[in-house]
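Q: As a plain string of letters, each chain reads:
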Amino acid sequence: MSESSFAVECRGLCKSFGDGENRVQVLRDIDVTVNYGEMTLLVGPSGCGKTTLISMVAGLLNVSAGDLFVLGSDLGKMPGRRKTAFRSANIGFVFQQYNLLPALTAAENAAVPLIIGGMRRSKAVARAREMLAMVGIGEKAGSFISQMSGGQQQRVAIARALVNEPRLLVCDEPTAALDGKSGQTVMQLLKEVACRPDRAVIVVTHDNRVLHFGDRIIHMNDGQIETVTGPEPAFAGSMQASH
Amino acid sequence: MIWIALKMLTGDRAKYFGIVFGVTFASLLMAHQVSIFVGIMSRCTSQVRDLDEADIWVMNPYVKYTDEVMALSDNDLPRVRGVEGVEWAVRLFKGGIRAKITGGEETEGAGNFRGVQVMGLDDATLIGAPREMILGDLADIRQPDAIIVDECGYSYLFPGQKMATGQIIEMNDRRAVLVGICKASPPFTAQAVIFTRYSQAMQFSPPERRLMSFVLVKVADGYSKEDVARSISERTGLKALTRREFEFSCVMFYITSTGIAINFGITVMLGFVVGIAIAGQTLYLFTIENIKQFGALKAMGTSNSRIVGMILTQSAVVGVLGYSIGMGLAAAFFEVTKNAIALKGFKVVPEVMIGTAFAVAIIVTLASLLSIRKVLVLEPAVVFR
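Keeping their order, the protein sequence lines are chains A and B. Sequential numbering of the first sequence, starting at 6, is according to this note's numbering. Sequential numbering of the second sequence, starting at -6, is according to this note's numbering.
Some hints could be false.
[Claimed, not checked] The list that follows gives simulated cross-link-like pairs (lysine to aspartate or glutamate, EDC-like), each with its CA atoms no further than 20 Å apart:
#1 K232/B - E372/B
#2 K285/B - E178/A
#3 K93/B - E163/B
#4 K331/B - E125/B
#5 K367/B - E282/B
#6 K232/B - E125/B
#7 K88/A - E372/B
#8 K82/A - E26/A
#9 K82/A - E163/B
Don't read these hints as lab results, they were simulated from the structure.
Can you build the whole structure from these sequences, using the hints too?
A: Below, the structure written as structure tokens:
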């Protein structure tokens, strides 16, 4: 199990799509680690491979070559069924478009990961209500998604991502659909509730206004890691990029 | 997850009702049309079915169904009676005759005429007489010129008139007096069924050398109906069929010789196809619109089998709902129209309910296959695009 002490460790990670002449190399030799207790921002121009990288880290895409350890498990060699269970137990997601179910209330939406995990509905919803209160929208627990603002919906998505206490939180452009103030609030929230010593947060963002929230900032370009900025002196060495 | 599937399904009311409507329409159309077809086919055999005292019907070898009869010789009756295993055998006249409404100028409809089916029953035993009288007494059929008409037939002959005996009609210029009104299964054609004695029927029928349509046979205890029927055929050269065989023969004649089955079959098939088209397309659109949500569920750790279970649950729910509403509407239609003469005796029989349920199950399964395929090939990474 514990083949790595990092939350995420990539060694020579490659990803390509297609075969033969149609083969497209999207990621090349990615060597990077992410430590627990950090918020890592992944930035770069569109098409540089950010989404592909977090998709592999989150167990949503298979690895073409190289090694990928996530939370101590060799995710690169993990079979599909186990990977699904691994995601359910260990990874929380915050999506750019929230991807909340419009037919469910905020509390029911936030309870979905627990229900997927097998928890009884009533218990799961009660737990989700607590989580909504924690992210500051407890009073909206009974509201449907269509009755909420974008910022509130993103908070519901964060509550959903955190409700089953995942050790890795993967956020894709969490502030892209929000105004500046709401974006700051959401990032502050992620920073507060997600960054614990046993947890890591990876955020893909284009939003320059939120870069100061990152403990580390990985700059990607053309399928490779260009630079890594940070870390603060106290955490020196927590993220290494061999590029 | 079942709960989430149901919430997703009912959350989009327009599509939810659209899918349910599609299945309802399909099941209503299929159940309704098949029930009417079964009702019509049942009418083809109504007189055979009503005459349940007889185990075997003996007829000319070329007879295929009840309404097209070649008369037998009177000598055939004792020949049939002589076959081993025959407990009794009686003659039956069955023929189409024109009936003229008489009773004077003051009688409503006087001078009008209708085709009628006359059942001439054995004088001594009255085998084949109606079981249930609505008006009058069966014993009165022994009076001179007496006839009994079925309930629907009365309204054909005397439309709009209150049920009463004593009405007079003419058949073959012979006076016939209505002495009773009975319940009887309506025949295939919209004609009155008139019961009278065999000897009386001979007078109502236009003169022919032979008039005995059928010989009705009761099989003695300890003998097989099929064996006795075979013996009668071998010994007399006539066609002898058990009641069930004759019913089947009548139904098959109408199925193979008319376009009824094809027309109803096309309508039922249309209902089936329309059901698949509406339910399938709406369910598929529903899935496409929720594809990101399904992707999110997969990303969060929902397995493919659970996703398939969710879609099948959604399909099953709309299937059960649509089927129930459709069957309810079909049953309501036949309940509301049960007194309409044209639809008398038509109903949704259990076999139709089971068949429709099977068809609806196929519809929702096929409808969900496209959605299932779409979701199964869905990469959960779609949530990041």
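Q: Each hint should be assessed against the structure and marked as holding or not.
A: Cross-check of the supplied hints:
Between the alpha carbons of K232/B and E372/B the distance comes to roughly 69 Å, so the proposed pair goes past 20 Å and is violated. Between K285/B and E178/A the CA atoms are separated by roughly 16 Å; this keeps the pair inside 20 Å, and the hint holds. Between K93/B and E163/B the CA atoms are separated by roughly 5 Å; this keeps the pair inside 20 Å, and the hint holds. With a C-alpha separation of about 18 Å, the suggested pairing of K331/B with E125/B holds against the 20 Å cut-off.
A C-alpha spacing of about 12 Å is found between K367/B and E282/B, which places the hinted pair at or below 20 Å, so the restraint holds. Between the alpha carbons of K232/B and E125/B the distance comes to roughly 31 Å, so the proposed pair goes past 20 Å and is violated. Taking the CA atoms of K88/A and E372/B, the gap is near 13 Å; set against the 20 Å cutoff, the hint holds. Taking the CA atoms of K82/A and E26/A, the gap is near 26 Å; set against the 20 Å cutoff, the hint is violated.
Under the criterion of a C-alpha separation no larger than 20 Å, the hint pairing K82/A with E163/B is inconsistent with the structure, at around 96 Å.
Of the numbered hints listed earlier, those contradicted by the structure are 1, 6, 8 and 9.
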